[in-house]
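Heads up: the sequence lines are chains A and B, in that order.
Sequential numbering from 379 applies to the first sequence in the numbering used here.
Sequential numbering from 0 applies to the second sequence in the numbering used here.
Read the hints as simulated data drawn from the structure, not as lab findings.
Just so you know, nobody snuck in bad clues.
With a straight-line cut-off of 25 Å between C-alpha atoms, the simulated SDA-like cross-links for lysine to any residue are:
| # | chain 1 | residue 1 | chain 2 | residue 2 |
| --- | --- | --- | --- | --- |
| 1 | A | K493 | B | F254 |
| 2 | A | K444 | A | S404 |
| 3 | A | K493 | B | A274 |
| 4 | B | K135 | A | F394 |
| 5 | A | K493 | B | Q15 |
| 6 | B | K135 | A | P416 |
| 7 | A | K493 | B | P278 |
| 8 | B | K193 | B | R126 |
| 9 | B | K135 | A | S387 |
| 10 | A | K433 | B | P143 |
| 11 | A | K493 | B | R23 |
| 12 | A | K484 | B | Y263 |
| 13 | B | K247 | A | D488 |
| 14 | A | K484 | B | A260 |
| 15 | B | K135 | A | G393 |
| 16 | A | K493 | B | P264 |
| 17 | B | K247 | A | L547 |
| 18 | A | K493 | B | P275 |
| 19 | B | K247 | A | N544 |
| 20 | B | K135 | A | R392 |
| 21 | B | K135 | A | P395 |
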Amino acid sequence: MLLEAQKISFGYRRGFPNVLQDVSLSVESGERVGLFAPSGRGKTTLCRLLAGYEKPDSGKILLDGKPLSQYKGFCPVQLLWQNPETAVDPLLRLGETLRESGVAEKSVLDALHIKQGWLERYPAELSGGELQRFCIARVLRPQLRFLLCDETTAMLDLITQAQIWNFLLQESSRRNLGLLIVSHSETLLNRLCSRIERLNF
Amino acid sequence: MNPILEVRHLSISFLQYESGFRRRMLTVIRDLSLTVLPGEIVAVVGSSGSGKSLLAHGILGLLPYNASMQGSILYDGTPLDPARAARLRGKEISLVPQGVNYLDPLMTVGAQLRKGERGAEIKKRCREVLARYGLKEETQSLYPFELSGGMARRVLISSAVLQSPRLILADEPTPGLDAQSAGRILGHFREMAKGGAGVLFITHDLDLALTVSNRVVVLYAGETVEEASASDFASGKLRHPYTQALWKALPCGEFTAVSGAQPYPGEIEQGCLFAPRCPHCRAQCTSGEIPYHPAGNGWVRCLLSPQEEE
Numbered sequence: 379m380l381l382e383a384q385k386i387s388f389g390y391r392r393g394f395p396n397v398l399q400d401v402s403l404s405v406e407s408g409e410r411v412g413l414f415a416p417s418g419r420g421k422t423t424l425c426r427l428l429a430g431y432e433k434p435d436s437g438k439i440l441l442d443g444k445p446l447s448q449y450k451g452f453c454p455v456q457l458l459w460q461n462p463e464t465a466v467d468p469l470l471r472l473g474e475t476l477r478e479s480g481v482a483e484k485s486v487l488d489a490l491h492i493k494q495g496w497l498e499r500y501p502a503e504l505s506g507g508e509l510q511r512f513c514i515a516r517v518l519r520p521q522l523r524f525l526l527c528d529e530t531t532a533m534l535d536l537i538t539q540a541q542i543w544n545f546l547l548q549e550s551s552r553r554n555l556g557l558l559i560v561s562h563s564e565t566l567l568n569r570l571c572s573r574i575e576r577l578n579f
Numbered sequence: 000m001n002p003i004l005e006v007r008h009l010s011i012s013f014l015q016y017e018s019g020f021r022r023r024m025l026t027v028i029r030d031l032s033l034t035v036l037p038g039e040i041v042a043v044v045g046s047s048g049s050g051k052s053l054l055a056h057g058i059l060g061l062l063p064y065n066a067s068m069q070g071s072i073l074y075d076g077t078p079l080d081p082a083r084a085a086r087l088r089g090k091e092i093s094l095v096p097q098g099v100n101y102l103d104p105l106m107t108v109g110a111q112l113r114k115g116e117r118g119a120e121i122k123k124r125c126r127e128v129l130a131r132y133g134l135k136e137e138t139q140s141l142y143p144f145e146l147s148g149g150m151a152r153r154v155l156i157s158s159a160v161l162q163s164p165r166l167i168l169a170d171e172p173t174p175g176l177d178a179q180s181a182g183r184i185l186g187h188f189r190e191m192a193k194g195g196a197g198v199l200f201i202t203h204d205l206d207l208a209l210t211v212s213n214r215v216v217v218l219y220a221g222e223t224v225e226e227a228s229a230s231d232f233a234s235g236k237l238r239h240p241y242t243q244a245l246w247k248a249l250p251c252g253e254f255t256a257v258s259g260a261q262p263y264p265g266e267i268e269q270g271c272l273f274a275p276r277c278p279h280c281r282a283q284c285t286s287g288e289i290p291y292h293p294a295g296n297g298w299v300r301c302l303l304s305p306q307e308e309e
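Can you make the complete structure from the sequences, with help from the hints?
In structure tokens, the structure reads:
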């Protein structure tokens, strides 16, 4: 499968310069593409567009030649957000949050070291690293094809970071996922990616 | 030289309701000691949930009502009680908070930086400090939701350094920033340290901590496990197995992770908190108190590292 952005432009406010201007990018299944750019250049915005949270002002976003909106049910392109504490419902227990996207596989929960007791807790009672594991568990559905990782481990300590990436690399090659990895750390990208793209204009 | 900040045997506990009216004390930071000299950047490194932010909040007297603190904190040689902290914070002591949600969502960036002050002088300073971090003049008219993660981070730092503080408590100032912006911020910290300020740089990014700081204090589950100079890392003179594990997990190094996770407060009652994950764990590690003792030019809390003869 192929996820591609064709010459997309996008701005949040009228009268302000566009955040993205004629940006093209493609990711194939099984590929791990790194996205590298200085802060404030629209990396997160590009991820939001690719995952279907925003519509581009011009240009196209296609998954295997078809726009994302033609895929019904679970979206095959999923975004792992930069701040997991703002990506889960603060008023739901985490078990509930997981169930919203279907029954999670037990093997996934085990591999992510999610403890049974955590399912009964509220997001405020867990640390960022623990919440990020839930965010990963809920997107790893059989329908998932592309995973966009927006600074997924930027707020995590080194050991947790290594744990999570080792797991994600394993899963993505097992499921033949395409990965787009956004990070400010070039050493991390060099370690993880098969190709690195830079956003600059 | 007299230390600008001295934390001695600090413990912070929370009173928690277990079920019904039964309460228990949960100790989250235990026996933490560190000093910051003028002109020095001291990094505090540890995983999330190890009590790093709590330390900064404790120093500033910003703990919630159900927390209690033992031990002493000295600022400039005199005790820093909550009343004195309240007088000094935002002026001599400033905090770079961790979350980007510390910005007021209903105020423009400019208004937040000026903190109610008026006049040409403060406007000039705001412009200068924003320019220093690569933010344009227009940023002042934006609201926090219009900022990207990295821009919000730079606004938080601008706000903290606007008053030229003597002690900066920087709580995770760099995630979400590119290397250049992070470098600029750390360069500015270095510059302020040269001017005689002290910087407590709280981070989980060991790599970054090593590039800028003089000394590194490593926290694990609320305890200081090691204090080492930055050069000890590359030269392989690390004393504690947890610090060694951190070093091995760097993406530019082996990128391997020890299994398991940091224990919760109260989960391990006695002995070494790292024992369940430690490859060198021995019988005597799981009972009693492990002393924090000097080792070489640093400190360590581990039985493997021999205590030096007095």
